[in-house]
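When you get a sec, could you build the whole thing from the sequences and use the hints?
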Amino acid sequence: MGTVSKEQAQKPLVMTMDVGSSSLRVSLYDGSGHSIEGFEIKSAYQLDTTPDGGVEKDPDELVEIVGQAIDKLLNLAGPLAKEIAGVAIDTFWHSLMGLNKQGQPTTPLLTWADTRSAATAQQLTREVDETAIHSRTGCKLHPTYFPSKLRWLAQSQPVVFRRTQTWLSFGEYLYLRYFGQAQCSLSMASGTGLFDQNTRQWDAEMLKVSRVKADQLLPLGDFNTPLKGLLPEFARRWPTLADIPWFLAVGDGAAGNLGSGCFSHNRIAVMVGTSGAMRVCWPAQSVKIPWGLWCYHADYNRFVMGGALSEGGNFFAWTRKTFQLPSIAESEHELSMMEPDGHNLTVLPFLTGERSPGWNASARAAITGLSLDTKPIEILRAGLESIAYRFGLLYEIMAANLQPTAQIIASGGALLASPTWMQILADVLDRPVIASDEGETTSRGAALLALEQLGAFTRPDHQDGDKARGNLDQAQFSFGQTYQPDSARHNRYKDAMERQKVLYSMLVKTQMA
1 MGTVSKEQAQ
11 KPLVMTMDVG
21 SSSLRVSLYD
31 GSGHSIEGFE
41 IKSAYQLDTT
51 PDGGVEKDPD
61 ELVEIVGQAI
71 DKLLNLAGPL
81 AKEIAGVAID
91 TFWHSLMGLN
101 KQGQPTTPLL
111 TWADTRSAAT
121 AQQLTREVDE
131 TAIHSRTGCK
141 LHPTYFPSKL
151 RWLAQSQPVV
161 FRRTQTWLSF
171 GEYLYLRYFG
181 QAQCSLSMAS
191 GTGLFDQNTR
201 QWDAEMLKVS
211 RVKADQLLPL
221 GDFNTPLKGL
231 LPEFARRWPT
241 LADIPWFLAV
251 GDGAAGNLGS
261 GCFSHNRIAV
271 MVGTSGAMRV
281 CWPAQSVKIP
291 WGLWCYHADY
301 NRFVMGGALS
311 EGGNFFAWTR
321 KTFQLPSIAE
331 SEHELSMMEP
341 DGHNLTVLPF
351 LTGERSPGWN
361 ASARAAITGL
371 SLDTKPIEIL
381 RAGLESIAYR
391 FGLLYEIMAA
401 NLQPTAQIIA
411 SGGALLASPT
421 WMQILADVLD
431 RPVIASDEGE
441 TTSRGAALLA
451 LEQLGAFTRP
461 DHQDGDKARG
471 NLDQAQFSFG
481 QTYQPDSARH
491 NRYKDAMERQ
501 KVLYSMLVKT
511 QMA
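1 is the number of the first residue of the sequence shown in our numbering; add one for each residue after it.
Because the hints were derived from the structure by calculation, they are not lab data. Misleading hints may appear alongside valid ones.
Unchecked claim - Listed next, with one range per pair, are the computed distances between beta-carbon atoms: (1) 478 x 42: 14 to 22 angstroms; (2) 123 x 49: 21 to 29 angstroms; (3) 156 x 83: 46 to 54 angstroms; (4) 326 x 399: 35 to 43 angstroms.
As the list claims (entries may be wrong) - Using 25 angstroms as the maximum straight-line C-alpha spacing, the simulated DMTMM-like pairs for lysine to aspartate or glutamate come out as follows: (5) 82 x 64; (6) 288 x 127; (7) 228 x 83; (8) 494 x 334; (9) 213 x 233.
For every residue, glycine included, the Cβ atom is placed at its ideal position computed from N, Cα and C.
Structure, rendered in structure tokens:
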């Protein structure tokens with residue numbers, strides 16, 4: 001794992017804030033892009049849910065959690081805090097909240113998992129050309145994104161909608177609290193559904209559809225436009241951070257790719273944490289976006305394309321809790337002893353609706369093939385296989401845009417914690433799957449972007465005084481075990497994937513018709 005001791009740490013140091021959907025990590029990274037051992041503060045929290053599909057968080061509560069974690073890290077760092085040269089942040093994509101004229105929240109922070117605008121998203125598909133919109137924005141008309149959320153708020157909470165002067169995501173709100181000003185990074189803007197990926201500007205048609213104006217969104221910025229100069233309250237609280245650059249937020253998915261070394265067509269990132277994603281990141285001036293995939297930015301020059309699954313570790317956790325399975329270690333052992341697709345079950349794993357590739361927010365989970373002989377552990381195994389099949393569908397779509405020899409790099413706590421699941425994935429994809437050994441790849445990715453701007457990875461041929469920034473190709477990445485596919489297991493899984501496609505066609509496509 002890529003960590004260094006305090007004594008080995010190279011300058012410049014970067015503090016990172018990794019704001020996930022279930023936890024926060026505030027960490028220190030050194031100038032080589034490695035986390036400094038012992039300097040991480042983790043805070044767990046839960047999102048609030050509502051019976052009608054809401055998944056939200058009090059933004060001020062989350063700001064307080066971040067602030068307390070920074071306090072603890074700086075206290076832990078002691079004199080080392082004076083060596084911090086920049087602050088980086090990654091946050092979950094697609095969060096939305098509103099502010100009134102006084103800068104006070106008018107709404108909770110609505111997350112990507114909030115499905116209350118599902119019916120509105122369907123309404124929008126009848127009003128506009130979704131294919132054309134997707135080709136520009138890289139986003140479907142889906143409750144994950146801003147257009148349906150904003151239209152839903154306008155219809156369901158018109159007084160709140162009229163009182164809202166500014167719409168933004170959590171990273172911008174955090175910086176507004178700290179600096180009194182903020183910008184929306186291209187990375188965060190690219191995940192809204194309001195942004196043209198190739199022109200790198202807000203999309204006029206989608207603003208109109210969403211019933212907002214460009215001046216209700218924050219100015220666009222990038223990693224070369226960091227903020228400096230904390231407000232007096234926070235400058236007194238964190239004097240060592242007061243006048244150094246705080247880099248704009250990057251989407252957690254993009255950060256995960258960068259942190260695992262997947263920023264070219266030669267490497268594909270597969271991540272399974274609470275949810276799942278398969279992504280490729282590469283530098284380009286423009287991009288053509290295939291139907292079924294989303295497309296965002298890491299920064300101005302780097303696109304991120306792939307698919308997202310609403311299920312991942314949350315399915316594992318739900319199954320274990322619901323069926324009162326034994327400990328994770330015991331469950332893993334039992335799973336490893338089972339035959340591929342040996343349970344006669346077919347599963348649609350849509351506990352919170354479908355994202356890629358069909359994007360049906362109203363889809364729900366289903367299990368067929370149950371009998372009196374079915375055991376709870378078999379349901380868990382079938383669920384893990386079913387998620388791997390969804391990755392298989394994404395890989396089929398992405399393959400045309402990938403190098404034939406591209407490596408598949410796996411990350412995310414849920415996937416790396418289960419060698420059985422790793423092997424299932426390799427067998428389903430019929431490709432070797434390499435475990436990332438970088439620990440927290442998202443926070444590392446944010447750190448690498450900041451270090452790149454700070455010149456930490458300047459190429460050896462750069463001369464003194466050269467203003468060119470560094471190159472992430474100079475960063476080092478660690479990898480663990482490689483899981484080799486088995487052709488016989490792959491053939492069994494191919495048949496199981498076909499069963500899942502048939503079930504999907506019967507239950508989900510019929511529902512959409």
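Item to complete: Hints the structure violates: just list their numbers, smallest first.
Response: 9
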